[in-house]
Structure formats: C-alpha cells, structure tokens
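*Asks:* Given the sequences, and given the hints that come with them, work out the whole structure.
In case you want the letters, here they are:
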Amino acid sequence: MSPILVGPLAVAGLSTVLAFIIAILDKFLNNYGQLKISINGGKKELVVKGGSPLLGTLAAEGIFVPSACGGRGTCGACKCKVVTDVGPHLPTEMPYMSPKDIEGNIRLACQVKVRKDLEIELPEELFSIKKFKARVEHIKDLTYDIKEVLLSLEGQTIEFQAGQYVQLVVPPYGDIPESVQRAYSMSSRPSDGAHVELLVRLVPGGIATTWVHKFLKEGDTIEVVGPFGEFGIHDTAASMICVAGGSGMAPFKSMLNHMKETGAFPQKEIWYFFGARTTKDMFYLDELSKLAETWPRFHFVAALSEPKPEENWKGDVGLITDVLDRYLQGKVDRKKGLEGYLCGSPGMINACINVMKKNGMTEDKIYFDKFS
Amino acid sequence: MNAPNVGIISLFIASILTSNILLANFLGTCSFISISKDFKSSMGLGIAVTMVIGICSAVCWVVLFYIIMPLGIEYLSFIIFIIVIAGVVQMLEMIIDRFSPSLYLALGIFLPLITVNCAVLGVILFMQIRYYNFIQAVVFGFGSGAGWWLSIMLLASIRRKLDNNNAIPAGLKGTGITLITIGFMAMAFIGFSGMIAIQ
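Line by line, the protein sequences give chains A and B.
Going by my numbering, the first sequence opens with residue 1, and the numbers climb by one from there.
Going by my numbering, the second sequence opens with residue 373, and the numbers climb by one from there.
It is worth saying that the hints were derived from the structure and are not from the lab.
A few of these clues could be false.
What the hints assert, rightly or not - Derived DEER-like restraints, expressed as beta-carbon distance ranges:
(1) B:Gly-548 x A:Ile-176: 40 to 48 Å
(2) B:Cys-402 x A:Ala-68: 31 to 39 Å
(3) B:Ile-451 x A:Ala-68: 39 to 47 Å
(4) A:Asp-117 x B:Gly-548: 44 to 52 Å
(5) B:Phe-411 x A:Ala-194: 57 to 65 Å
Unchecked claim - If you only want the chain B side, here are some residues facing chain A, beta carbon under 10 Å, derived:
(6) Ser-413
(7) Val-435
(8) Ile-439
(9) Ile-440
(10) Ala-458
(11) Val-460
(12) Met-463
(13) Met-466
(14) Asp-469
(15) Phe-471
(16) Pro-473
(17) Ser-474
Fair warning: this is a prediction, and the values are worked out from it, not measured in the lab.
Even glycine gets a Cβ: it sits at the ideal position worked out from N, Cα and C.
*Replies:* Here it is as structure tokens:
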C-alpha cells in the first residue's frame, strides 16, 4: 500500500474504533431504564426513561417548567425543588442559587440528570402550562416599531391571570439555525381563553422580535407555551401605581380590561403611568383616555419625554420617573397604601423603584416583570 | 531501542519529585494557575489529572508500540495521541458518571477540560522518546499525575495563606504573586534533583 495512504487510514481507523467504543458505552451506560418521578408528594406520578436532564424529561411528559434559554443553564429560570438527594449543587447551578435556595434543595431542572427515582416539588400552576398550536389572526402596527399580534388557539383555551406571560416558540429562520423561545406578556383578557394577544417591539438584532416583525404573516401557524409568571394583581385595598414604557403596556392592558370587565378588586384605585419619547411612540392613547373618563377609580397619565412643538402635546412632559415623582408627591391619594407594578426595560424599572422608594413605598410592595 | 534501565520505584519517585511535570517541565500550568485559587477544586482536578494521565499513558503505549511504530507513522503520533486522549477522557467521563456519581460531581467540569491539558500529552511524548516499557510507562504516567496533584495542592495551600495576607502590594495580587510563588516552588523542587535523574 502506498505509504501516503497508511497515515490517514490509520488515523481514520483509530478514530472510528474510538467512536464505536464510545457509542457502545453510551448505549449501555446511559441506559437507566424506567424511572419514577413523583411530583408534590405523590399527587402526580410519571414513569420516564432516565438519562436526560429533568427539564427535558418533564417537557416530554407535558409539564413545562419555565426556561428562557432552552436548557443551556444560562437563564436560571427552571428552578425547582428536588427532594431526593441528587448530590451537591453543580458549579453550573451555583451562579443562580442563593444560600436559601441551596438549603431548600432548589435545583436547576436543566442541570439535574434523571438517574434514579426522583421526588420533586413544582408549583401547582405549572400543571396548567401547555404547548398551544396557534394561528396568527391579525398583526397590527401600533407604532413604527410595536406590533399587536393576535393569536387564535384553534379550539383550545388557555387559563391565565392578567399579567402572566407566554413563551413564543421561534422556529429556525434565515441565519438562525435553532429554534428559540422568548417570553412575552399577554395583553388579552383572561376571560377570552381562545385568544392570546402579544405586543412585540422590534429590538434591532433580536431573534424573536425580528422574526415577528419581518417574517410572521397572518394565517401562519405557530406554537406558544404558557402561561408563566407571578406578575399579577395583589388582592389588597392598596392603590396600584402602574408604570410602563413601550411594549410594557401588555400586562396592564390585560389587567385593566380584566378589572373593568369583571369589577374585580373593587377597592383598588388604579394609577397608570405610560411613558414614551414622542407621539410617534405613543399608542392606545384614545382607548385609555376614554376608559379613564368613564371609570372613576382609574387614572391615566401619559407622558412624553421629548415632545416636539409641532406635535401639540397636551399631556404631561418629562421622563416617566420625574412625572411619577411629581404625582406621588402630589395628586396620588396614599391613605389606603400603595403598591408598585412595573413593566418595561431593566433601566426604567430600576429608576422607577428608586423613585418609589424615595417616596416611602417599600420594596416588597413593588412588583415587576423585567424584559431585557 | 531498549527500555531505559530504571527501577519502577525510582521512576515513580523521580516523576513525582525530581522530574515533576509542573515544576521541572512546566507543563499544564494554565489550569495549575487558574484552578489553584480554590482548594476544593484543586483536589478534584488533581484526582482527575492523575487518573487521566495514568490511563492515557497505558492506552497510548499500546497504540504507540502496536499501531504507530509497526506502520511507521511516527510523524502522525501527535495527532493520534490527541485523538486517543480525547476518546479516553470521553469514555472515562461516561464510566464515572454511571458508576460513581459522587466522584463525577467532585470532578465536575474538570474532566472534559483535561483533554486539552498539555501535561497529559507531555507525559505521553516523554514516554515515547524515552522508550519506556509498558510497566514503566504506566508508573511514569501515574507518578507524573501524582506529582501534578501534589504541586497544585501545595500551591492551593500557599495561595489560601496569601489571600489572608494584606502585606502583598496591590499590583502583585492574584496571578503576579502566584507566578512568583511557582518560581520559588520550582527552585525548592530543584533540591530533590540530586536524588534520582531520569531525564
């Protein structure tokens, strides 16, 4: 045989043998057989095939633990309590664990492998989380960069609380080779379980927002997983101070419609601050102003930070944090106590928390959804 | 070429002390410097390196004497050794994962990282140029691994002491003082060199 062939053939042969041994080892070693997962003290029992991470194993059984990164251990959303001893926390879990989490056996479901019978605890509401097939009913431009997307669940219904979010499954498109999931708050009313409405602002370079704005068409069939999240109205008599910017409107649209429609939480006074730069960024203005006129306990404050003279803006002017500060010191009635509800960019939320704390609101009464 | 005439006990001690893979040959220093800041991780990595070097020396000795030399493809030995190391590490990982989850957790992310640790390849190349026989190769492999383990534990202990010392100038803190420490440790290890020489 030509000596020039011997080398490559030897290397190729050796690699093949190694790969073959690894494949065989994998088949025998990674076979854990049928295992049992008991959830919430035996309320639910699953029989699963072992060897894969808990997150994927549960998803295959129709239980969707929230995960924004899809199981790569980079978001820390898939926390759950594993009662069975599965060894100490992994270095990949540590960045997301507080000392209290570690003591309480909280683990990241995407990092814990199912290799024996497990006993875990999950919040009850996760059982109502499902994957829905949805048809895009309409896509409407609200501003130059925000679209309202209405999805019809085709006969299925989603049960959720105003303020919760769904994860949109973005299929591979263009240069994006993998399917990703991104979280969006629902702006539809909980009473209409047949539809899910989302407000999506175009983020330059964003995988999901670009897909919604440039690729998604009316009539397309897509998938959403949900509902997730703990953002929602708290049942107290305290007044709600809601602050939003841009597509942060979504959970409040849902909450307001829900309260108006059902008369829920009748004691609550509602202040809604919505900030934008110019009238170009403003939307739902007429609907909300009309709602404020006919609904005595609802107060709507729209503010522009950089209104142009020709826009003829009659509402408040200034950064939303300054406007909020002014109202908290003056017009807002604080007798029944205040609760903060925030939705928007992390920068806006942090600034608003500071203003609220400065005005005597406590951090445990400030609730928010941060979308970065 | 015949195997060098050196007893296995002398070889084992020599590979730990006089020819320490880290402090005499300066191989595998990247993980040595970065991991030694944590005592517990150093322990895990030390065990992993010892195990991988020992087992890889045995496997590579077989590959060297029964595949590479008969076929006359010594010029490909680097590539072949690297492939074999990667494969062996992968298999080790799967076996440990299955049979000793606690050890697997202790080693954690270090096991796959060792694939690119130059100490492993270094030991195997020494074995090749010195024509060790099989027993010698295995002893030299485990000895070098143990030497690496010993060095990183020593450095980790010293660094733990240094961390509590405020006398170190700000500009030297971290890697700076660590490199100086390694220099001193290497000099101290020269003190062993009169005992046995294998290189």
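*Asks:* Are there hints from earlier that the structure breaks, and if so, what are their numbers?
*Replies:* none
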